[in-house]
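Going down the list, the protein sequences come from chains H and B.
Terminal number for the first sequence in this note's numbering: 286, no gaps in between.
Terminal number for the second sequence in this note's numbering: 226, no gaps in between.
Hints listed in this document are in silico derivations from the structure and should not be mistaken for laboratory results.
No experiment lies behind these values; they were computed from the predicted model shown.
Certain hints may be false.
Claimed, not checked - Which residues of chain H face chain B? A partial, calculated answer using Cβ under 8 Å:
1) Phe-6
2) Met-174
3) Arg-221
4) Lys-225
5) Leu-243
6) Tyr-247
Unchecked claim - Computed list of lysine-lysine pairs in BS3-like fashion (alpha-carbon distance at most 25 Å, straight line):
7) H/Lys-180 / B/Lys-100
8) B/Lys-217 / H/Lys-163
9) H/Lys-163 / B/Lys-100
10) H/Lys-180 / B/Lys-217
11) B/Lys-63 / H/Lys-225
12) H/Lys-180 / H/Lys-163
13) B/Lys-84 / H/Lys-163
14) B/Lys-84 / H/Lys-225
Claimed, not checked - From the derived model, a few chain H residues whose C-beta atoms are all more than 10 Å from chain B:
15) Leu-79
16) Gly-109
17) Ser-169
18) Ala-276
Think of the CB as a built atom: it goes at the ideal place given N, C-alpha and C, for glycine as much as any other residue.
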Amino acid sequence: MFDSEFLLRHALYASLTIGLVCPLVGVYLVLRRLVFLGIAIPQISAAGIAFAYLLHTLGVHFYPHEAEEQLMALTGSILFSVLAILALASLDLKGRGWMEGRIGATYAGAAAASILFVAANPFGESTLLSLLRGDVLGISTSQFWTTIAVYAVIALLTLLLQKEFTFVSFDRDMALSLGKNVAAWDLCLYLMIGLAIAFGVMTVGPLLIFGFLIIPPLAARPITKGMVPFSLVASAIGGVTALVGFYLSLRWDVPLGPTDVAVSCVILAVISAAKASKRWIRNANS
Amino acid sequence: MRLVDISIGYNGAPVLDHIDLEIARGTFVGVIGPNGSGKSTLLKAIVGILPVSRGRIEFPEGKPRFGYVPQRDTLDPLYPLTVKEVVLMGAYGPSSFIRKPQRDRAMEALVQVRAEGLASRRFAELSGGERQRVLIARALASNPECLVLDEPVSGIDQPTTQVIMDLAQALNMTEGLTVVMVNHHILSLRGRAQEIIWIVDGRAVCGPASALLTREKIEEMLMRGP
């Protein structure tokens, strides 16, 4: 699999990169109890992709012809997901309404919009459906390098700004009392989450992005102490999931996205069972 | 500091209205009043978390550095933070890069509250009293001139309440810190607080603890309001 001549090496390395980086931003969705944002935003991103393709089919062109489809899809994905996460997060921070209800309605609306945009598109339905499901095996060289570059920047910034993000997430009032610009840090964090989702959905699809954002942090939390170990272990679980999932998908000839999600669920179940057994043994001994 | 005719509230509805107060440097001030009367709101306005909707807060001797200790139940136990990480938050400056003197000060603060043995434990797994001491250490790590504590002994057993109140008193008397503390345990403020702010129905009565914490006055206040 790691041979330089391996035909699917770009797909493998793209999956691995997304698996390593998504949990780094996903830890904040878990800790802020915004897990369902992790499913709603990828769906909105998918709706953005479908909408961009529809515009393209209807003859609306913004970019040079040779790269237009991909670029329009990426623009749709980024615009929809970043705007949605900023709107949902700002309403949440203002404490208005009921966040879970809003996220549920957003998810339903985005899923319906994706299907309607695809149905309204007279051409390329199969290509579009494959893109919405996430087809990393067909990743182009330019898309591969864009994914690597964007995720490298997101990983670097998330690790560098980890203390700020943790502080404003954990104790907003204390951060305000020390003069921190909490709204700016929130904006920065949500932008990073939005970009990670937008680029990831283009490459591996909404289901796998949700899986990578949420399941590795859930698995890492009970076995780590401290924010840096928590983030790094979550990232490592994401990386292992991507590698094992890729291998099993090739070996058994099954779709990659669901295989990765299944692998991460098995890791989560094993860790939860091990923790429960440890607790049971400790209680029995005492 | 002087609060001049201030009103504070949420979404345009005032919780406290036309409040005039003065807190002298180096005093121990107890803030008391029924649930939902606006005690925490007052603290948040003092430290600058909540803007006042009317009036002004004046600092004739310059704005002091505040060490804010929030209600510990507002901090989510989902975070896998260690005690050391929580205390170091108090040492963050404009950026979260911490230099050695600030790091040393944070560790000293842990010793000061007798919680140095907890440094590597998970914050969420501590008892209520231990968490409270760690939060006080975090506030001390910011080298405050004014310590602002929001219900530090709520839901804590009597011996631990005593420890935390003694600690606040020691910080006030030996280090000269101004202490402003919201506290439901009126009796634990007796002999420690020099001034009392009593909040009822959006208004405040202030005075020396010796005058406001007498049995007769407490009964009168509870019956009639300020």
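Original post:
Which hints from the list above does the structure break, by number from lowest to highest?
Top reply: 1, 5, 6, 8, 10, 11, 17
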